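J.: One-letter residues, chain by chain:
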Amino acid sequence: MRNSWRRFMSHFVVVLCAGAVLLSLVPLALVLFYVLKQGVASLNWAFFTHMPGPAGEPGGGMANGIVGSLIVTGIGALFAIPIGVTAGVYASEYRGTRLANAVRFAADTLNGVPSIVVGVFAYGVVVLPFHHFSAFAGGFALGVMMLPLVMRTTEELLLLVPHTLREGALALGATRARAVITVVLPAALPGILTGILLALARVAGETAPLLFTALNNAYFSIDPRQPISTLTVQVYTYATSPYPEWHRQAWAGALVLVAMVLTCSLLARFATARMERMQRGS
Amino acid sequence: MKNLFYSAVGIAALAGATLAARSIQINGAGATFPAPIYAKWFAEYNKLHSDVRINYQPLGSGAGIRQLTERTVFFGASDGPMTQDQLLAAPGKILHLPTVLGGVVPVYNLPGVSQELKFSGPVLANIFLGKVTKWNDPAITALNPGVSLPGTDIVVAHRSDGSGTTYIWVDYLSKVSPEFKKVVGVGTAVKWPVGVAAAKNDGVAAIVAQTPGALGYVELIYAIQTKTAYGQVQNMNGKFVKASIDSVSAAAAAAARQMPPDFRVSITNAPGDDVYPISSFTWILLYLDAKDKAQGKAMVDFMKWALTDGQKFAGEMGYAPIPKTVVDMEMKALDTIKVK
Amino acid sequence: MPVKTRLDDIGFRVGTGIFAVLLIAVVAGIAAVLYDDASMAIWKFGWQFWQTDIWDPVSGEFGARPFIWGTLYSSVLSLLIAGPIALGIAIYISELCPAWLRRPLVFLTELLAAIPSIVYGLWGIFVLVPFVRSLEGGTPEWMRSIPLFSGPPLGLGMLSAALLLAIMIIPFSASVAREVLRAVPQAQREAAYALGATRWEAIRMALFYARTGIVGSIMLGFGRALGETMAVTMVIGNTPQVSVSLYAPQYTMAAVIANEFAEAADKLHLNALVEIGLVLFIITLAINAVSRAFIWSLGRPAKSKRASRAVGPVTEAA
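Chains as they are written, first to last, in our numbering: chain A, 1 to 282; chain B, 1 to 340; chain C, 1 to 318.
One chain only, chain A, in its complex shape (with noise of 0.2 Å):
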């Protein structure tokens, strides 16, 4: 009796996990109903060329917010990748060293920073002591916010790779920044590569820390010493508003954004696969 009992539990918890998975995906599933339904009847040719026309007129666009999405988190890459990447590396090579430590765990933190937090920050540190909002305040905060993405990777690839390799690298001569710079980093990097593109994509979607640094365009914008609209704040400013040809170019902007943010995601994975396959061949 009591074997029936712990098998009838066995069962029942079984169906509870599995329960729990099906719950999780029917909002997954719902979400991205919506964002297709209502954002593909909203996407139009116009959607992608034409500037956001006054309040509520149809036949605008968000050509702006598109382009101005990529500048931005252009330029946190360009602000985060090599202060992430060289980081990485001194942790990795001088590990257990109280710097190394300290990096690690100022990167841990940084993580953790509520995206609000970061754009006070960048607020403070690039648009009042410039008196202006920015393209490149805005892609400081999203670098800053790239930063232990970038970093973390780094360290962690660096440390997947073969000791044989730098070993090799220093039987035959080289400097330790020479082997690692030419030998064991361009061993890490398609890892690198990947986390880089995951962190990407996790920025691009970010809107709270552009609403004060970025602010907003109603023209068409490459300037980074000017303000910019982007893809994620002009779906802000449209889902909050009344007007319902806005709130259909807010679902196509969201259509958009995910598809953006998810083919980013879908590359890592891709090439996080092939870089699995390529490790165990060899």
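Keep in mind that a hint or two might mislead.
Derived lysine-lysine pairs resembling BS3-like cross-links, with alpha carbons at most 30 Å apart [stated by the list, open to error]:
#1 K267(C) with K181(B)
#2 K297(B) with K338(B)
#3 K267(C) with K338(B)
I should point out that these hints are in silico values taken from the structure, not numbers from a laboratory. This one's a predicted model, so the numbers in the text were calculated from it and none came from an experiment.
We have chain A already, so just place chains B and C on it with the hints.
T.: Showing chains B and C alone in chain A's frame:
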């Protein structure tokens, strides 16, 4: 492949640089109250002068004042005039320049009630104080005989951000209800006793449109564009008036004759039979000493256009034009702005 | 030759070290800027700031209790909903599901995690809030008298916020919990089965073994919920009030900063907002640090194991 990439970057940079060099971009931020007419104006002006791009971000009057003070934008816009303290805190003298007249209307969402509702100042004050909580409260039914009002809760909607529209609304309610003045007071951001909050005129309009039983306050054009019902308000002379270009203009008539030189004046609860009591000027805020002379000159030229040719667009959007006497005063004030 | 390599090595160490210091400087900079810009409010209000409910920019009275209440309440609620579900997913993927299903399921949960919060907010306004409004409207009278369910059916409020937050943190906590469960040595599971355990009993054993890590993964989700801004502000009603009711519109720390920061004209108002940001920063820092400590206490053996597997047989023997 690499060469293609580099040349693409080069072309983009060049394009950006030439665009930037040729055109003047002026950044401004502030009130959502006049945002629709400003959007129209800046677009029209850009058609006439393709090298002048005025980027206006409707963040709310409070943001306009703050960002102007910190000089992160070139001009601000507000429907609540800056206080003495705010003016003193600014790094330079700031001019208030009225651009249009508008009205703040009580918008509501009552499915099943097709007649236009009448409100009085004291009743609105009590609703926003949380003392009148249901639509069929005697205070409301007394003003609307013959209308069957439901017993549902009134969902008060107000602003979450610093707002000139709020300023106009609470300025009016404080004039007609001493209790409101004591409990809530006047300002661009106040402590609301009840209600849900949303940012910008857009947000309040959205909440009212989406929530049955809601009552909020927005600038007239937002009610018109979203086809939301808005009520009549009883003015000082006891007449129930609906906001319109004429009733808002009537509110400014008396003030126009006695306009102070700094243009900061409140015209809520103005006397007169045809007056809409919740009307107001809205101002663009500019530094007397323009930091960037080129932008300053462009802005002054724009303002002169807006106060003359631009006024005809105001009517289409439900805003009332500035009285002629005030425009003349403003032209003189604009000439004092240092653009050399 | 040795001199050259030593100089190069020192140069390399200093060169890369500078960037490490730079990263630390960014974090320190955030703390410094926050403290500096909040100092006026900190000095003026002291601890009272967190005990008063009045948030009145007009009179200059700032009490932040409603915000910390709203933040904690919404995050705890979302955790109560999301925690069991995330755990269930983690258990299913790591222990129960057939091998062919594993990868697609992992993919799907990561898809959930990749959706930007603004999209969740958009969906929240137009799909979730009307749904919650009809739920609230349909509450039977006897339930309405309980403080938890009191108030008019607005849709916008704590319930919508908690639900949306839960949806957002489920994939996050689930993937961390999954990693934690993966770190449980297979030998432990095999031993349990050898002793005649059912699936559930083996899972229970693994959960017990990984308990600190599991708690850590849940806490990480909590930390994420605390800082969430956009989706919350779009559905929570943005009203500073302390209320137990799920139906009441409330306000969180992140949301008030997002709404009022760009426009706080008065210096004290701005300082008060930054002080809220500073405290949010400290709270999330603490929660994240503790949760990471919990996760690492279990994760470490697996990490070095994975690393050593990649290193090769020679060094592993050593």
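J.: Looking back at the numbered hints, which does the structure fail to meet, lowest number first?
T.: none
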